[in-house]
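**Student:** The lines below spell out each chain.
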Amino acid sequence: MSAMYIRYILLFIILILVQILLLNNIWVSGYLNPQLYLLAILMLPLYTPGWVLLGSAFLLGLINDMFTDSLAIHAAATVFMAFCRPAVIRLVLGKIYDNETEIPSFSAFGGFSLVIYVVLMVLSHHTVLFFLEIFRLNELGQTLWRIILNSALTSLFVIIFFALLERNLRK
Amino acid sequence: MRNLFKFIIRYYFFFLFLLLETLAIVLTLSNQYYHQTFFLNSANRVSSGIYQTYNKIGSYFHLRTIHDHLLEENVRLLSKKKENFIITDGNVFIAEDTLFQRRFSYVHARVINNSVNRRNNYLTLNKGRMHGIKPDMGVIHTSGVVGIVIQASERFSVVMSLLHSDMMISTKISHNNHIGSLVWEGKDYRKAHMLYIPPHVELLKGDTIVTSGFSTVFPENIIIGTIDDWEIRRGENFYTAIINLALDYNNLTHVYVVQNLLKGEQEGLEEAILPDI
Numbered sequence: 018m019s020a021m022y023i024r025y026i027l028l029f030i031i032l033i034l035v036q037i038l039l040l041n042n043i044w045v046s047g048y049l050n051p052q053l054y055l056l057a058i059l060m061l062p063l064y065t066p067g068w069v070l071l072g073s074a075f076l077l078g079l080i081n082d083m084f085t086d087s088l089a090i091h092a093a094a095t096v097f098m099a100f101c102r103p104a105v106i107r108l109v110l111g112k113i114y115d116n117e118t119e120i121p122s123f124s125a126f127g128g129f130s131l132v133i134y135v136v137l138m139v140l141s142h143h144t145v146l147f148f149l150e151i152f153r154l155n156e157l158g159q160t161l162w163r164i165i166l167n168s169a170l171t172s173l174f175v176i177i178f179f180a181l182l183e184r185n186l187r188k
Numbered sequence: 002m003r004n005l006f007k008f009i010i011r012y013y014f015f016f017l018f019l020l021l022e023t024l025a026i027v028l029t030l031s032n033q034y035y036h037q038t039f040f041l042n043s044a045n046r047v048s049s050g051i052y053q054t055y056n057k058i059g060s061y062f063h064l065r066t067i068h069d070h071l072l073e074e075n076v077r078l079l080s081k082k083k084e085n086f087i088i089t090d091g092n093v094f095i096a097e098d099t100l101f102q103r104r105f106s107y108v109h110a111r112v113i114n115n116s117v118n119r120r121n122n123y124l125t126l127n128k129g130r131m132h133g134i135k136p137d138m139g140v141i142h143t144s145g146v147v148g149i150v151i152q153a154s155e156r157f158s159v160v161m162s163l164l165h166s167d168m169m170i171s172t173k174i175s176h177n178n179h180i181g182s183l184v185w186e187g188k189d190y191r192k193a194h195m196l197y198i199p200p201h202v203e204l205l206k207g208d209t210i211v212t213s214g215f216s217t218v219f220p221e222n223i224i225i226g227t228i229d230d231w232e233i234r235r236g237e238n239f240y241t242a243i244i245n246l247a248l249d250y251n252n253l254t255h256v257y258v259v260q261n262l263l264k265g266e267q268e269g270l271e272e273a274i275l276p277d278i
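Those sequence lines, one after another, are chains A and B. Counting in my numbering, the first sequence runs from 18 upward without gaps. Counting in my numbering, the second sequence runs from 2 upward without gaps.
Hints are supplied without guarantee of correctness; some may be wrong.
Pulled a few chain B residues facing chain A out of the computed Cβ check, cut under 7 Å [unchecked claim]: (1) 14; (2) 17; (3) 18; (4) 21; (5) 22; (6) 26; (7) 28; (8) 29; (9) 46; (10) 48; (11) 50; (12) 55; (13) 118; (14) 123.
Covered by chain B, according to a simulated footprint, are these stretches of chain A (three or more residues, beta-carbon under 8 Å) [what the hints assert, rightly or not]: (15) 21 to 31; (16) 37 to 45; (17) 48 to 56; (18) 77 to 87; (19) 96 to 109.
What the hints contain is simulated information worked out from the structure, not anything from laboratory work. For each residue, glycine too, the CB sits at the ideal point set by N, CA and C.
One chain only, chain A, in its complex shape:
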């Protein structure tokens, strides 16, 4: 069990470093920036207690904010995403999940459900993120367009990494 804690803490640190030093310098077609660090929240086990879920989301967002000079918008977005997580999981799995040890993955959810889960979570995050970042309604069209395109990009990254990390976080 404690081996799994260490694994998750390592995952957090590695994802934050990758996000800050690598992905924050990558933008596709000028203004799309993959937010891979969300993977750390998406990968938490289903039985994670609520305060761990919200607390780690807040910390993760705030650390990313410190490095990108974005006030606390990432923190607000990740906390909102974490709040949506139980509802999204119920929606995707279609029942009250009973297996207490499951970690979201292709084998646990099935491919289609996992993709829906990732897309919905990323959308909830990006909606808060971009509305807080731009913070003016007269650029509504542009904001929505950014949310959709950036969500697609982030989801793609997250799903690829779900596939790569499959099996590594279990045990």
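Fit chain B to the supplied structure of chain A, relying on the hints for placement.
**Tutor:** Below, chain B alone, put in the same frame as chain A:
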């Protein structure tokens, strides 16, 4: 009372969410215009330290380009040297060097963090209060305006980039001195908009836009870009010109921080006349 506690414990997930979300939004809104919470920006000890190390490694990959830029600048400065000119007029000259008082001085700094892809972009520089950098100083590059310092720590400072929604720079058209305000409207980081040009002004594609020197932040005549196109937007009486920015904000490595030595005097005078502004 007991029931209240029971209620809160039962729905603690929701209440904790409300608490954290409110905290994040309050942090965001209260610092919207000025970064007051020190730990929340990249000039803090941890983030600037990590960026500094990363930049030390990364900067080796740009050495060739930087070298070329420096050579170009050297050539430009060399050509301005006094020895390059001959006196064509035989009359007597009077050299009065007390006539000149220094108004701007410059500090050189390295960019250790930069972005162009957000709606509000910031840069982090590797110099801070220790090197004389204070908030509200201008930051320029050889071919353009970079931004304004908004916060300085002991060794680092954060600059609000020109590519920021709260940024507005007083500019003028170089050849006829008509002024307008330059803003960045998002989308493309190579293009900005110059607002409030009166419609009687004749605009030409390729006209150079420079800083007006009206603000106390930037010296006059720093090149910003060239006019690409212009239009009168619906409901407005002024031209809005689309400007091709001369500076590529994406590959900034070295910048100059401008200190205006007469800033206090000018602003004091202006505030005395216009107390409301």
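**Student:** Against chain A, is residue 17 (chain B) within 7 Å by beta-carbon distance?
**Tutor:** 5 Å, holds
**Student:** Taking a Cβ-to-Cβ distance below 8 Å as contact, does the segment 37 to 45 of chain A have at least three residues touching chain B?
**Tutor:** holds (count 4)
**Student:** Please verify that hint: residue 48 (chain B), Cβ, nearest Cβ of chain A, below 7 Å or not.
**Tutor:** 5 Å, holds
**Student:** Can you tell me if the segment 48 to 56 of chain A counts as covered by chain B, using C-beta to C-beta distances under 8 Å and a minimum of three residues?
**Tutor:** holds (count 3)
**Student:** So, as I understand it, the hint says residue 22 (chain B) touches chain A; can you test that by seeing if any CB pair is closer than 7 Å?
**Tutor:** The hint holds - residue 22 (chain B) has a Cβ within 7 Å of chain A, the shortest such distance being about 5 Å.
**Student:** Return the status of the interface hint for residue 46 (chain B): holds when the least beta-carbon distance to chain A is below 7 Å, violated otherwise.
**Tutor:** 10 Å, violated
**Student:** Quick check on residue 118 (chain B) please, does its C-beta sit within 7 Å of some C-beta on chain A?
**Tutor:** 4 Å, holds
**Student:** Hey, does the residue 18 (chain B) contact hint survive, CB to chain A under 7 Å?
**Tutor:** 4 Å, holds
**Student:** Does the interface hint hold: is residue 123 (chain B) within less than 7 Å of chain A, judged Cβ to Cβ?
**Tutor:** 4 Å, holds
**Student:** Does residue 29 (chain B) meet its interface restraint, that is, does its C-beta lie within less than 7 Å of any C-beta in chain A?
**Tutor:** Residue 29 (chain B) check passes; min Cβ-Cβ to chain A is 4 Å, inside 7 Å.
**Student:** Does the nearest C-beta of chain A fall within a distance shorter than 7 Å of the C-beta of residue 28 (chain B)?
**Tutor:** OK, holds: residue 28 (chain B) within 7 Å of chain A, min 4 Å.
**Student:** So, residue 26 (chain B) near chain A? Judge it on the closest CB pair being under 7 Å.
**Tutor:** Status holds, d = 5 Å.
Hint check: violations occur at hints 9, 11 and 15; the rest are consistent with the structure.
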